[in-house]
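Got chain A sorted already, so can you dock chain B onto it with the hints?
Line order of the protein sequences matches chains A and B.
Residue numbering for the first sequence follows this note's numbering, starting at 26 and increasing by one per position.
Residue numbering for the second sequence follows this note's numbering, starting at 2 and increasing by one per position.
In short, the hints are calculated from the structure, not lab data.
Please note: incorrect hints may appear among the correct ones.
[To be verified] Residues on chain A that point at chain B, a partial pick, calculated with CB under 8 Å:
no.: 1; residue: 40
no.: 2; residue: 51
no.: 3; residue: 93
no.: 4; residue: 95
no.: 5; residue: 105
no.: 6; residue: 124
no.: 7; residue: 125
no.: 8; residue: 128
no.: 9; residue: 129
[Claimed, not checked] Cross-link-like lysine to aspartate or glutamate pairs, in silico, DMTMM-like; alpha carbons within 20 Å at most:
no.: 10; chain 1: B; residue 1: 122; chain 2: B; residue 2: 50
no.: 11; chain 1: B; residue 1: 122; chain 2: A; residue 2: 124
no.: 12; chain 1: B; residue 1: 122; chain 2: A; residue 2: 122
no.: 13; chain 1: B; residue 1: 24; chain 2: A; residue 2: 124
no.: 14; chain 1: B; residue 1: 24; chain 2: A; residue 2: 122
no.: 15; chain 1: B; residue 1: 122; chain 2: B; residue 2: 48
[Said to hold, decoys possible] If we take Cβ atoms under 8 Å as the criterion, some of the chain A residues that face chain B in the derived model are:
no.: 16; residue: 47
no.: 17; residue: 52
no.: 18; residue: 64
no.: 19; residue: 70
no.: 20; residue: 80
no.: 21; residue: 81
no.: 22; residue: 84
no.: 23; residue: 94
Just so it is clear, CB atoms sit at the ideal spot from N, CA and C, and this is done for glycine as well.
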Amino acid sequence: MISATPLAGYLLIAALLFAIGLAGALTRRNAILVLIGIELMLNAANLNLIAFWRFGEHPEALTGLMFAIFSIAVAAAEAAVGLGLVISIHRHLRTADLDQINRMKG
Amino acid sequence: MSFVFYVVAALTLAGALSAVLLKNLVHCALAVSIAFAGLALFFLQLDAEFVGFAQFLVYVGAVAILVVFAILLTRGSETPKKTEIFSRTWLTGLAVAGAIFAVPAWAVLQAAPWMIHTTEKPAVTVQEIGNALMGRYVLPLEIVALLLTAALIGAVIVAMHEKEGRNS
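Pulled out of the complex, with its shape left as it was, chain A reads as follows (with noise of 0.2 Å):
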């Protein structure tokens, strides 16, 4: 069945490499581990656009790869305030560890 239609297995995989972005981004300790993946989350996101695009309809309007190109775009900002953010934590409270972040705790 997966073998007559390819856009499946990269559905498949970027379905795969969501859940693994979102279980480190939600059991892993250390603040650049989760951005690594919501990094990875994106990067699924992006490989779903293409897949649609490639194989759907009409490649020729460019949609999914515009889509694409902006996501990366994003994303890369993304990462450098998110990690800027936590460097700046860092020299704060001298740590990365997100157990030990609780500040704002009410």
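Showing chain B alone in chain A's frame:
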């Protein structure tokens, strides 16, 4: 499904899994750049050459270096102590991730026989992409340029030393 697909899929998933599971943060950064490279190979295989090379440049080049810099600046490269590398609520996180995977996987397997499948290779040149970026997509392009500028300034300001603020 070709042989190459399975090789690239195994590479990507192994990279992603070890990035999430490894103890040493530098090893994690290395593993995640392998996963990014595997995704770039997927893009190349899907005839999206421009996006594939952009992925190589942005992720394997820039984001991986940024992650390594952040790890070294936050002393994450030191060998972790005996404390757990996973959060206290790791079981809940794992259950949520498994449920999130199960739903799209079930949907994809249900819909697989009816899926669209265009066999002919889309002939997209970089010139067409450039024309589209300068024509139909010029407004999103400008917004992304503004966003990247704001993110650059924001990241520098956030990570900058704050000596003046502390003295006053």
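Verification of the supplied hints:
no.: 1; hint: 40; result: holds (4 Å)
no.: 2; hint: 51; result: holds (3 Å)
no.: 3; hint: 93; result: holds (5 Å)
no.: 4; hint: 95; result: holds (6 Å)
no.: 5; hint: 105; result: holds (4 Å)
no.: 6; hint: 124; result: holds (6 Å)
no.: 7; hint: 125; result: violated (10 Å)
no.: 8; hint: 128; result: violated (17 Å)
no.: 9; hint: 129; result: violated (17 Å)
no.: 10; hint: B/122 - B/50; result: holds (12 Å)
no.: 11; hint: B/122 - A/124; result: violated (49 Å)
no.: 12; hint: B/122 - A/122; result: violated (47 Å)
no.: 13; hint: B/24 - A/124; result: holds (17 Å)
no.: 14; hint: B/24 - A/122; result: holds (14 Å)
no.: 15; hint: B/122 - B/48; result: holds (7 Å)
no.: 16; hint: 47; result: holds (4 Å)
no.: 17; hint: 52; result: holds (4 Å)
no.: 18; hint: 64; result: holds (7 Å)
no.: 19; hint: 70; result: violated (11 Å)
no.: 20; hint: 80; result: holds (5 Å)
no.: 21; hint: 81; result: holds (6 Å)
no.: 22; hint: 84; result: holds (3 Å)
no.: 23; hint: 94; result: holds (6 Å)
Comparing the model with each numbered hint stated earlier shows that hints 7, 8, 9, 11, 12, 19 do not hold.
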